[in-house]
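Basically our numbering = 1-based index in the sequence shown + 1030.
Honestly, the hints are just simulated from the structure, not real lab data.
Quick caveat, the model's predicted, so the values are computed rather than measured.
Glycine included, C-beta positions come from ideal geometry on N, C-alpha and C.
Accuracy of the hints is not assured; some may be wrong.
As the list claims (entries may be wrong) - Computed list of lysine to any residue pairs in SDA-like fashion (alpha-carbon distance at most 25 Å, straight line): (1) Lys-1295 <-> Ser-1241; (2) Lys-1228 <-> Asp-1188; (3) Lys-1248 <-> Ser-1088.
Stated by the list, open to error - Simulated DEER-style distance windows between Cβ atoms: (4) Glu-1085 <-> Asp-1236: 48 to 58 Å; (5) Glu-1247 <-> Asp-1200: 18 to 28 Å; (6) Glu-1085 <-> Ser-1276: 36 to 46 Å; (7) Glu-1080 <-> Gly-1186: 33 to 43 Å; (8) Phe-1100 <-> Lys-1295: 43 to 53 Å; (9) Asp-1236 <-> Gly-1091: 39 to 49 Å.
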Amino acid sequence: MIKKLLLTASLATCISGFSQTSIFKEDFETEAGRNSWINTDRDGDGEKWEFDNSEIDSFTGFYATSWSWFFDAFTPDNTLTSPSIILPNNADKKLTLKFDIGAFDEEVFQEHYAVYVIPANTEFAGTEIPIFEETLDAGYMDEAKHVNIDISEYAGQDVRLVFRHYDCTDLLVLLLDNIEVLEEPKLAISDINKTSVKIYPNPTSDILKVSGLNKIEKIRIFDMNGHKVLETQNSETNLKNLLPGSYIVNIYSENNVISRKIIKK
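Start from the sequences and build out the full structure, keeping to the hints where you can.
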């Protein structure tokens, strides 16, 4: 953390002309904020998202929890849907969705979740295509996983965010906090850990390359139905066996996840 603060300070004078605007922010610290979300038990098992402020290392204050085990095994399908968010449309800016996620066990952490952006005047049906989906790859006991998703394609729209915990059984709990939508220049302070991240060529017919990160732990590629079709630890991978279409690429680097959409020709 100290390194990050020092790096931010040293770069601040270089990029002080840049600014970012918080379009939406939720840390669940107020009752009004918590009550503004639609909390849905989609599978009718009597379990929903809850809000807790128990002291743990990876989260502080209030955070949202959804359980897959609590003295009994669950197969959850719980959604937490945000209030309406009006997204601006500025050509020289990008929109980034950020949130913290984690589990609370070093062994049974494989909670599965997805994130959706839906029109503000519609209800979540469950058939929508997620903008991000994963099964947690660790418990994140000491520090939450920080997820960053480019949602610029929704600029100019009124939307809601949907966080869905599902497709897992008999594990423990999924934790969620610090949800924020930022409008920021193409290069901003918040991009320090992902400055100049490039995924190219896009579209591609075979080879896909990732550059601009000091460390890549793994890369996962999902089809638009949320199925993982490829995983690699290499910065260069061959997609020739994938069918033509759109895919989501999740790049895991130092407790961060950077998500991008690609097209396979």
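Hints, one by one, checked against the model:
| no. | hint | in the structure |
| --- | --- | --- |
| 1 | Lys-1295 <-> Ser-1241 | 21 Å, holds |
| 2 | Lys-1228 <-> Asp-1188 | 29 Å, violated |
| 3 | Lys-1248 <-> Ser-1088 | 22 Å, holds |
| 4 | Glu-1085 <-> Asp-1236: 48 to 58 Å | 50 Å, holds |
| 5 | Glu-1247 <-> Asp-1200: 18 to 28 Å | 27 Å, holds |
| 6 | Glu-1085 <-> Ser-1276: 36 to 46 Å | 42 Å, holds |
| 7 | Glu-1080 <-> Gly-1186: 33 to 43 Å | 34 Å, holds |
| 8 | Phe-1100 <-> Lys-1295: 43 to 53 Å | 47 Å, holds |
| 9 | Asp-1236 <-> Gly-1091: 39 to 49 Å | 47 Å, holds |
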